[in-house]
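Given chain U's structure and the hints, the job is docking chain B onto it.
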Amino acid sequence: MQVSKRQFLKGVGALLAGASFYGVTRSPQADSTQAAEATPEIKYAMVHDENACIGCNACIDACREVNHVPDGVSRVKIERSGPFGEYPEQSYRFSRVSCQHCEAAPCVRVCPTGAAYIDKATGIVAVNSDRCVGCQYCIAACPYQVRYIHPETRTADKCDFCQKSRLAKGLEPACVEACPTKALTFGNLKDPESDLVKLLKAKPSYRAKVDLGTRPKLFHIQTIDGEIML
Amino acid sequence: MSAFHFEGLVWHWPIAIYLFLAGLSAGAVFFAIMLKHFKLAHEAWHSPFVQAAAIIAPVAVFGGLGILVFDLTRPLDFWKILVFYNTTSVMSMGVLVLMAYQLVLFAWIACVFQRRITQLLGKRLPIVQRLLNWLVKQEAAITGILVILAISLGAYTGFLLSALIGFPLLNNPVLPLLFLISGLSSGAAATLLGGVLLRGNPNGVEVRFIHGIEIPLILVEIGLLFTFFAGLILSGGQSQVAALNALGFGFWGWIFWAGVIGIGLTLPLAFNLWMKVSADRKFAYVAVTASFSLIGVFLLRNFILYTGQMTGT
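Sequence lines, in order, name chains U and B. Using UniProt numbering, count along the first sequence one by one with no gaps and you end on 230. Using UniProt numbering, count along the second sequence one by one with no gaps and you end on 313.
In isolation and in its complexed conformation, chain B is listed as follows:
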């Protein structure tokens, strides 16, 4: 059995990239909101980290949706998903969440950068100014809804797969939580990486704040991964076969142990703990830790998608 081609395989790597990008977008937004709410307040708009998140979140979600559309066998008919709805379909409900998420995301970005946009516009386009002023008045509601939508989007990437009852590894109640938490940590990593690339201070308040959340997040993710596989093995039957098949030797076993556990979780955790004691954080520390985290989450999405489809009921 080859790692990327086997009988029963329906969804290929484009879906894994889509799941990765959707979770990353939700995570970046989540951390940008946290940064603004707890640390930066009205100074948020000139923080390179908030700016990075404001670029990454829409680009990632557009990129992910683009990949999804081109992966359809009839890409030009994608509008039918927007017109016809099925309340029992996770995908259909996810599309609704995605549409609302993008709308509220842009409203939130407009709120945060209102002063900057007003400066740029000067006296032109008074309608846009009025719209911006109105949005800023609604900022509390917009922020609240965006947090709910971002968490929904992160969890949706897991529910999409856990609805597949024929594959015991995917049809697992822990999967949405695992994807939500790993999506949030990938968003944190992308925000950090983007922020330092935009010449943000690698020793600044934003980095310290995000790293402070990242360590508990990584620990929770390790716990969820353990629960995920322990639960499958204890279920017996095909669930056990699926779990042992995924974790054993072979291509995907290596991806899991070396990629997801080693590069994705252990090394960033070690770096983070180390950085906490050392006084100064440098560009390279932040960038390398964030890149490892991103690689780990990307590999996790592929690992779950492929090994999940290897073993049916």
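Isolated chain U, as found in the complex:
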């Protein structure tokens, strides 16, 4: 077989032409990971104050009811660690595990169909279940492990800050309203007058796994009781 230089270049040229065509057919929703769009006025975020949380799981139950989440899966979990200290001065620590609504969401980046996307108007990481084929790439890619396959729709599902249920009616997410100790604060990061921004400016907070570059929007205020751990 003789490979002439011209024939090879022709082949490479065809490949490049093909490659540039893919750019036209890609899904537009997935662009939001790297696009520098005009700054939207709303960017929703949440703060979980671990000092106030008592681990009652009212948030989980409220979420299940409002968003019709079936048994066996959950959009939000409260992880308990401890007990710390000597009886009777014992305490537990509680940490909320749910979608972090990352600015650079790994799930959005890996989704082959663009079913996982960032809602540009609100910054909410959402799922377009009509597009989801259930490849579970997003579930494997999420470092916070908060995604699951909804047993009824057979598509990927997770917390969307009640975007389709309560937020659409102008109400706060179900978990925030249900919390008896007001441990959860929901609001607009872009609004300096919001309770959320005031709280974040008043108390030191942390976010999980920031070293992965995900830029999550679920903030935690660390509990100060209990013991020091290495």
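Do not rely on the hints blindly, as some may be mistaken.
Heads up, simulated BS3-like pairs for lysine-lysine below, C-alpha to C-alpha not over 27 Å straight-line [as the list claims (entries may be wrong)]:
no., chain 1, residue 1, chain 2, residue 2
1, B, Lys80, U, Lys5
2, U, Lys164, B, Lys80
3, U, Lys10, B, Lys39
4, B, Lys137, U, Lys5
Partial list, derived from the structure: chain U residues whose beta carbon lies under 8 Å from chain B [said to hold, decoys possible]:
no., residue
5, Ser4
6, Val110
7, Pro112
8, Val133
9, Thr155
Derived Cβ-Cβ restraints for the label pairs, each shown as a range [what the hints assert, rightly or not]:
no., chain 1, residue 1, chain 2, residue 2, range
10, U, Asn51, B, Leu244, 33 to 43 Å
11, U, Ala14, B, Ala284, 55 to 65 Å
12, B, Leu103, U, Gly170, 49 to 59 Å
13, U, Val12, B, Ile213, 17 to 27 Å
14, U, Arg215, B, Leu244, 22 to 32 Å
15, B, Pro216, U, Lys77, 47 to 57 Å
16, U, Lys198, B, Phe62, 52 to 62 Å
17, U, Leu230, B, Leu234, 17 to 27 Å
18, B, Val128, U, Ala14, 18 to 28 Å
19, U, Ala14, B, Gly66, 23 to 33 Å
These are computed hints drawn from the structure, not numbers from a lab. For each residue, glycine too, the CB sits at the ideal point set by N, CA and C.
The following block gives chain B in isolation, referenced to the frame of chain U:
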């Protein structure tokens, strides 16, 4: 913690089989092209080894894709992956590579077996004849593109997993290279096994040629495996935990040391070196070496997939 069921496990063994078959297909095509280009030229079409590769490559890639589709939670919606694209998604780009690969693969097979197909057709279907003649004129370009696509496909099986940033063992830059090289060696093994099963001469020029490439390939694979795990251990933190957890005692440790290193790499290497000095290669030598190689690569895919998902960041 059980070996096949643990918290955080998302992708199960069907994905490992898919990764194995995609790499095997790419490897078989790669070696068939090398055989034709360097050794057989216009005689390629009646070599049992090229014939075996021409059967194995499409069957493996179809089988792999079939498994992938049935592993979706909504298999009937698989067409959406073909219609909607996301340039940042390794899976989406891999689907594009897979589609182009299959198309060019069939074009290449048509080129190689053009004379045979023409004989079979006789005077029927002149359109097919004309298409074949046109394809044969483009053979150089088709071959070049197919080599690029086969290597892309082999590497893609690794990039698919290395894009998972939450698992340090998978999110590793050496993984795509490791999967590419082990995929190529599995393709070589499948071509050899298929060739001798199709009554190819186990002492023929094809076997000697492929074995000549296989030894360096195995050595490179051992080097890559060493770099893979040494890199993880030196990174410290969860990377180190993941590596030691995978290589230590327990089910997957055994799979790695006995299956991947022992059966998959050491024994074929020993057999290959031995066969080089002995004058005659027999059917059993070729078949057993190839089978061991295939088992090793298959176990490596499962080992990486499962142990990779055991330890998160």
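Hint by hint, here is what the structure shows:
Pair hint B:Lys80 plus U:Lys5 does not hold up; C-alpha atoms about 39 Å apart against a cutoff of 27 Å. Of the supplied pair hints, the one linking U:Lys164 and B:Lys80 holds, its CA atoms being roughly 24 Å apart against a limit of 27 Å. For the given pair, U:Lys10 sits about 25 Å from B:Lys39 by alpha-carbon distance, which is consistent with the 27 Å threshold. Proximity of B:Lys137 to U:Lys5 is assessed by CA-CA distance (about 14 Å); at most 27 Å being required, the pair is judged to hold.
Taking 8 Å as the C-beta cut-off, the interface hint given for U:Ser4 holds, the closest approach to chain B being about 6 Å. Against a cut-off of 8 Å between C-beta atoms, the interface hint on U:Val110 holds, since the closest Cβ of chain B lies about 5 Å away. Among the interface hints, the one on U:Pro112 holds; its C-beta lies about 4 Å from the nearest C-beta in chain B, closer than the 8 Å criterion. At its closest, the beta carbon of U:Val133 sits 4 Å from a beta carbon of chain B; the interface hint therefore holds under the 8 Å criterion.
Taken as an interface hint, U:Thr155 checks out: its beta carbon lies about 7 Å from the nearest beta carbon of chain B, inside 8 Å. Against the hinted window of 33 to 43 Å, the Cβ-Cβ separation of U:Asn51 and B:Leu244 comes to about 36 Å, which satisfies the hint. A hinted range of 55 to 65 Å is violated for the C-beta pair U:Ala14 and B:Ala284, which are about 45 Å apart. The beta-carbon spacing between B:Leu103 and U:Gly170, approximately 52 Å, falls within the hinted interval of 49 to 59 Å.
Evaluation of the 17 to 27 Å hint for U:Val12 and B:Ile213 yields a pass: the beta carbon distance comes to about 25 Å. Distance hint check for U:Arg215 and B:Leu244: the Cβ-Cβ separation is about 31 Å, which falls inside the suggested range of 22 to 32 Å. In this structure, B:Pro216 and U:Lys77 meet the distance hint of 47 to 57 Å, their C-beta atoms being roughly 50 Å apart. For the hinted restraint 52 to 62 Å between U:Lys198 and B:Phe62, the CB-CB distance of approximately 59 Å keeps it satisfied.
A hinted range of 17 to 27 Å holds for the C-beta pair U:Leu230 and B:Leu234, which are about 22 Å apart. One distance hint, 18 to 28 Å for the beta-carbon pair B:Val128 and U:Ala14, holds here, with the actual separation near 23 Å. For the pair U:Ala14 and B:Gly66, the beta carbons lie near 29 Å from each other, so the given range of 23 to 33 Å is met.
Hints 1, 11 from the earlier list are contradicted by this structure; the remaining hints agree with it.
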